[in-house]
Amino acid sequence: MPTLWQLTLVFSVLSIFSFGGGNATVPQMYADSVTHYHWISAADFARFFALGKLAPGPTLTMGTLIGYAVAGLSGAAVATAALLIPAGAIVYALGRLWHRLRDWPWRERFARATGPVVLGLIWAGAAAVAQGAIQGPATIAIAVIATVVMLVTKVNQAILMLAAGVVGLVVFR
Amino acid sequence: MTPKHVPVAALLRVFLWLGTTTYGGGQSAAIRREVVRSRGWLTDEEYLELRSIALISPGPNSPNLALLIGLRLSGTIGAILSYAAASVPSTIILLLLGALALDPQFPALRAALRGCAAAAVGLTVANALELTAIYRSRVPQLLVVAAAAVCVVFAHLSLWATLLAFVPISFALTKPVAAT
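Chains L and B, in that order, are what the protein sequence lines are.
Using the numbering used here, you'd call the opening residue of the first sequence number 1 and step up by one each time.
Using the numbering used here, you'd call the opening residue of the second sequence number 1 and step up by one each time.
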């Protein structure tokens, strides 16, 4: 039972601060679930992140898998609710208040100012995932090839992920 | 804002479909295509306005956008149902995949996922490189990107401390938009 409260607390706080669509929360999610509470290993964190990229839906919902690993279906339900409800309540309030915020002169500037900060957090998130995902030359090669393919071609990321899965199946068995 | 009274069932259908069939960055574009172009529920101006609220809000961007569109089109019930439709089914798909992957009976899946995890690092790095290129001629913004990343990776600065420390700095470095 205390674990469910911890899950609720950790993911509610992440939800409130999840600017930038959830990608910015990855370093904090790693710090909480791997480093601080030892709920999952770094390798599992990287796997869950990969599953989040494979499945439809936002990155933030990889927290559902962390909840599931910690406390089964009730953990998954609690983590999902904690991730979605606080942020949803804030968006709802902003949507209601928008006619008053519309003329706020700093609105656009605020939106643009969060960009570089979120991007710094995305870089830090890549470093967090790499801690569990990059082990040995084969994983380095896959990561480098994936980077290049994404930069120079327009291939769908889901297809790239499936291809990497096939490579993993052959190489890591 | 007054709701336009689009039937809630129609909203549900749209966001259930989009929430389970679209990936990552393509979602907002897919929502626009459906809600603005195909169905004419919103004008482009209204869409962009709601999108700008979604972008400054916490939480996943496309469910946020769904919530705001639901609120605009069918009030509070529309908001709640659109948000749930855009986020819950995809979460269930993810959970099913995760449950299989965690099952020790399927070691092959774990091997496949090792490959996927390495590729996911590549995806994130490629995405981050492309986003960083946007700021290539803006040194102050690049310094904010680097400083935030370094503080989180090496000083383990928390998410909220990072946002509280760097958003005001970034705000001060951002030029105000010319009045339009």
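Derived by calculation from the structure, the hints in this document are not laboratory data.
These numbers were taken from a predicted model, which means no experiment stands behind them.
Treat the hints with caution; some may be incorrect.
As the list claims (entries may be wrong) - What follows is a set of in silico ranges between Cβ atoms, one per label pair, in the way DEER data are often shown: (1) L:141 <-> B:39: 28 to 36 Å; (2) B:5 <-> L:137: 38 to 46 Å; (3) L:152 <-> B:52: 41 to 49 Å; (4) L:41 <-> B:9: 42 to 50 Å; (5) B:105 <-> L:102: 29 to 37 Å; (6) B:92 <-> L:38: 35 to 43 Å.
Stated by the list, open to error - Covered stretches of chain L, as calculated for chain B (at least 3 residues, CB under 8 Å): (7) 4–12; (8) 106–118.
No residue lacks a Cβ here, since even glycine has one placed at the ideal position from N, Cα and C.
What are the numbers of the hints the structure violates, in ascending order? 1, 2, 3, 5, 6 and 7
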